[in-house]
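Colleague: Top to bottom, those sequences are chains A and B.
Okay, so the first sequence: first residue is 1 according to the working numbering, each after it adds one.
Okay, so the second sequence: first residue is 1 according to the working numbering, each after it adds one.
Quick caveat, the hints were computed from the structure, so don't treat them as lab data.
Be a bit skeptical, because a hint or two may be false.
[Stated by the list, open to error] In silico DMTMM-like pairs for lysine to aspartate or glutamate, Cα to Cα no more than 20 Å straight-line:
hint	chain 1	residue 1	chain 2	residue 2
1	A	Lys238	B	Glu64
2	A	Lys164	A	Asp267
3	A	Lys255	B	Asp63
4	A	Lys250	B	Asp41
5	A	Lys255	B	Glu64
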Amino acid sequence: MSTKVQPITSQPNPTGKATTLTNEEILRYSRHLIMPEVGMEGQLKLKNAKALLIGTGGLGAPLGLYLAAAGVGHLGLVDFDVVDFTNLQRQVTFGSDDVGKPKALAAQARLSNLNPDIEIETFETKLTSENALELFKDFDIIVDGTDNFPTRYLVNDACILLGKPNVYGSIFRFEGQVTVFGMPDGPCYRCLYPEPPPPGLVPSCAEGGVLGVLPGIVGSIQAMETIKLILGTGESLKGRLLLFDALAMKFRELKLRKNHSCPMCGDHPTITKLIDYYEFCGVRGEEAPGPDVQVPEITPRDLKSRLDRGDDLFILDVREPHEFQICNLNGHLIPLGELPRRVHELDSSREIVAHCRSGKRSAEAVDFLRKAGFRKILNLKGGILAWSDEVDPSVPKY
Amino acid sequence: MSVKVIIPTPLRVYAGKADSTEVSAKTVGEALGQLTNKFGDLRKHLFTEDGKLRSFVNVYVNDEDIRYLSKENTPTKDGDTISIVPSIAGGFV
Ligand SMILES: [Zn+2]
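My request is simple: use the sequences and hints to build the entire structure.
Modeller: The following block contains the structure:
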């Protein structure tokens, strides 16, 4: 599961720590070397540092690029995902040729091209409670660029157990949060948020979207914090939560305090080993997006044949107006959030088929309408995505 | 007491897309009460069924976490800013 790109030009030495730079490295890092905040001493710290990036995608892309370019001597990349066409809008490490390749390997190829003098280790695996401590133990700094709550809590807890700094960044649409957890006397993620939101209450990136530049900015701030921690210079974000609103172009800062009764990092910790983070976050099974509501369904093929037959079906589209503009099935648009106050637009005597992009929001809509007394209502299984796959490939997927 | 409440991106959809709103309140609890009266859809995202602030939603008066002040009884004064900061998980998706 792990492959290494051996350094090409750096000199091996018995202590394992580099004490010199090659002439080529001196040239490469000259803009660092001529500033007193880095200098030769700092550049050697970077060269001897080991940073582990959890995720190589949105936040991981600028992180990997800048840490590699800056000469962080040993980078670990953890990602089990494969590059997908929709990633290219923001995951700038990858090129169109990388679609279909494992992200960790594609990132490794790009970063070692950028800087052949560093070691890049890849872990094409899902981070779990079983492998996290083993994976983290050889690294100095962990950089969290994951996309889900179970992994966030796992990364936090593993960092606290091992006493390692955790450079945290998180994004949603055009808003970001950055801080540094796991510093001596500093707070941890559980001090900030003792519990994750129950599934379904906070939309994920895939549902909510993200402006492509945002992970570039937030990931770059994480890269800056990582480099400062390695250099031991400046003031880290420890104890401060940096909020960034790209739309308003505003940075704000909130005080982040260590919670002395925190179960993880408080005075009397009650969590002393890694737990089941999927259970903790209320997610059953690894891929389960949350407790799905069970509602009557119709497959895209069945819907097509019933429409072709001329059955009287009312198509209800519960997506947002901007999604309707991308593609639609000529349905009546009522976004899920507006459904409660627009129920009167629906005729409960007619048969209704509700749909969204993937079938999840429309399942909620069907569940809601059934509770409101609608009896003849079905959910389009798999939504527009499945319609495009099974019935009409001319309908774009997004 | 005029207090500005900043609504975070993930919750704006439940607040008529507003990014902030002005309320007149003497405490944080009053301010949040007015906010959820104004935007009813926000209530279940901020409070549990028994009316407690949800644990993945943090509230700050200016830059201080109300958990370290007087929680919902934290007094507010003219010109204060209340920030609602829910946890977001996004990163590499
Ligand atoms: Zn803590």
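Colleague: Work down the list of hints and note, for each, if the structure agrees.
Modeller: So, going through the hints one by one against the coordinates:
no.	hint	in the structure
1	A:Lys238 / B:Glu64	holds, 15 Å
2	A:Lys164 / A:Asp267	holds, 18 Å
3	A:Lys255 / B:Asp63	holds, 6 Å
4	A:Lys250 / B:Asp41	violated, 26 Å
5	A:Lys255 / B:Glu64	holds, 6 Å
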